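Construct the entire structure; sequences and hints are all you get.
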Amino acid sequence: MKLFETIRNIWKIDDLRSRIMTTLGLILIYRLGSKVVLPGIDPTQLANLAAQTDQGVLGLLNMFSGGAFANASIMALGIMPYISASIVIQLLGIAVPYFQRLQREGESGRRKINQITRYLTVVILLFQAPGYIANLHAQLPESAFVNAGWSFTVMSTIILTAGSMFVMWLGERITDKGIGNGISLIIMIGIIAMLPFSLFAEFVSRLEEGGGLVMLLIEFVVLFFVFEGAILLVQGTRRVPVQYAKRIVGNKQYGGVRQYIPLKVNAAGVMPIIFAQAIMFIPITLAGFVDSEAATGFAAVFSNFTGFWYNFSFAFLIILFTYFYTAITINPTQMADDMKRNGGFIPGVKPGKKTAEFLDSVMSKITLPGSFFLAFVAILPAFAMLAGIDQNFAQFYGGTSLLILVGVVLDTLQQIESHLLMRHYDGLLKSGRIKGRTGGGAAAF
1 MKLFETIRNI WKIDDLRSRI MTTLGLILIY RLGSKVVLPG IDPTQLANLA
51 AQTDQGVLGL LNMFSGGAFA NASIMALGIM PYISASIVIQ LLGIAVPYFQ
101 RLQREGESGR RKINQITRYL TVVILLFQAP GYIANLHAQL PESAFVNAGW
151 SFTVMSTIIL TAGSMFVMWL GERITDKGIG NGISLIIMIG IIAMLPFSLF
201 AEFVSRLEEG GGLVMLLIEF VVLFFVFEGA ILLVQGTRRV PVQYAKRIVG
251 NKQYGGVRQY IPLKVNAAGV MPIIFAQAIM FIPITLAGFV DSEAATGFAA
301 VFSNFTGFWY NFSFAFLIIL FTYFYTAITI NPTQMADDMK RNGGFIPGVK
351 PGKKTAEFLD SVMSKITLPG SFFLAFVAIL PAFAMLAGID QNFAQFYGGT
401 SLLILVGVVL DTLQQIESHL LMRHYDGLLK SGRIKGRTGG GAAAF
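Residue numbers (my numbering): 1 to 445.
Hints may be right or wrong, so weigh each one.
In silico lysine-lysine, BS3-like type, Cα no more than 30 Å apart, as pairs [what the hints assert, rightly or not]:
1) 365 <-> 353
2) 246 <-> 354
3) 350 <-> 246
4) 112 <-> 246
5) 340 <-> 365
6) 112 <-> 340
7) 177 <-> 112
8) 353 <-> 340
9) 350 <-> 340
10) 177 <-> 12
11) 246 <-> 353
12) 246 <-> 35
13) 340 <-> 354
14) 12 <-> 35
15) 365 <-> 354
Rather than coming from a laboratory, the hints here were simulated on the basis of the structure.
A quick note: this is a predicted structure, and the numbers were derived from the prediction, not measured.
What follows is the structure in structure tokens.
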């Protein structure tokens, strides 16, 4: 069979085998660390904390950390502070000349930006860790703490900061010595870690409430088509042809070939969903501080995750943030300048300003259907819950979890396939090649 032959070919390549084993080993260390509870906390009294992370922003953080947030683990804050720091640095690269200069300096500038990102991650952790500890004191009974004084707060802040930095280090080691994007893989593993429990809960609920295995099979078929749609969203591109001028140097000819710029339909990735989810919980939080019937009704409407107004507002914010994030990550002017500098031009379009306007027009046109499709994928879990699917299992029908799973798996398979093709083996598919996501940074999530 093709599958077993491919596995044998992968195992024959020493470098690829070593990278895969290194990746699995580092992921195992991460999963073991996420089960280690903070010193001074009774692990048998964490029920209230687990209930708090069933939904909302805290549920998203718990999913990204693979359950470490609800376990009061030494890695409870996970990789999200590093992602937050990466987003801040990316935004500063739009407005601050110093960061713009670093982005143009190539490898040395990238190393400097990575170093600044790490320092900013530590600063964010020093603010988030005390907040997490304060939440532990609010959710857990007094008997859950061996020592609830200031020494526990200081010690736990240091441990949580060190734990998240260790997770970041594991991600970087996976990227350098393993296979795939380490940070994205760690997030994906955290999401997959929640799948067995969600699947078991759905299986039990179907046996108890009716429908049985037939209904479960229908759910899997629907999930399969949802995954296919997510793959189309992640891989959808508009190829813009670029012709390079012919140059003759000595006896050799350079250029004179046609290439393509792949402009992605969903260039923003999952970031619009994450931004929209954070914004959606701000009015609910503010309404909690106002003692009035109107505020209570408002909070009730926007706390109903299957309600019309919540999902309409959520989808509208995703569409807005898709345009916003695409605008700050895709720079048509820079693309046009680089193309002109290298002797390239789009057939029928003048180099320079006209090329930048053409690329901006194309991006605006393909971002519209991409933003609507992204919004639809984001609210699919609400439809799944209305259909009677368990809330935890419904999260795999759309939203950030689905898009991250699809994107990271495609990227990892593409790297494995490139190793196979480089050694003259067949690829993973009988025909065609696997395409991963282009780009990196925060948008890669």
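Hints versus structure:
Between residue 365 and residue 353, the direct Cα distance comes to roughly 19 Å. Compliance with the 30 Å bound is thereby established for this hinted pair. Between the alpha carbons of residue 246 and residue 354 the distance comes to roughly 22 Å, so the proposed pair stays at or under 30 Å and holds. Of the pairs offered as hints, the one joining residue 350 and residue 246 holds, with about 17 Å between alpha carbons and a cut-off of 30 Å not exceeded. As the CA atoms of residue 112 and residue 246 are separated by approximately 37 Å, the hinted pair breaks the 30 Å bound.
Note on residue 340 and residue 365: the hinted pairing holds, with a Cα-Cα distance of about 23 Å set against a maximum of 30 Å. Taken as a hint, the residue 112 and residue 340 pair is honoured in the structure, with Cα atoms around 28 Å apart against an allowance of 30 Å. Taking the CA atoms of residue 177 and residue 112, the gap is about 21 Å. The hint holds against a cut of 30 Å. Restraint check for residue 353 and residue 340: the C-alpha separation of about 10 Å stays at or below 30 Å, so the hint holds.
Distance restraint check for residue 350 and residue 340: the Cα-Cα separation of roughly 10 Å lies within the 30 Å cut-off, and the hinted pair is therefore satisfied. A distance of roughly 18 Å separates the Cα atoms of residue 177 and residue 12; the hinted pair therefore holds under the 30 Å criterion. Taken as a hint, the residue 246 and residue 353 pair is honoured in the structure, with Cα atoms around 22 Å apart against an allowance of 30 Å. Note on residue 246 and residue 35: the hinted pairing is violated, with a Cα-Cα distance of about 60 Å set against a maximum of 30 Å.
The straight-line distance between the Cα atoms of residue 340 and residue 354 is roughly 11 Å, inside the 30 Å bound, and the hint therefore holds. Distance check on the hinted pair: residue 12 and residue 35 sit about 35 Å apart at the alpha-carbon level, beyond 30 Å; violated. Among the hinted pairs, residue 365 with residue 354 is consistent with the structure: their alpha-carbon atoms are about 17 Å apart, no more than 30 Å.
Checked against the numbered hints listed earlier, the structure breaks hints 4, 12, 14; every other hint is satisfied.
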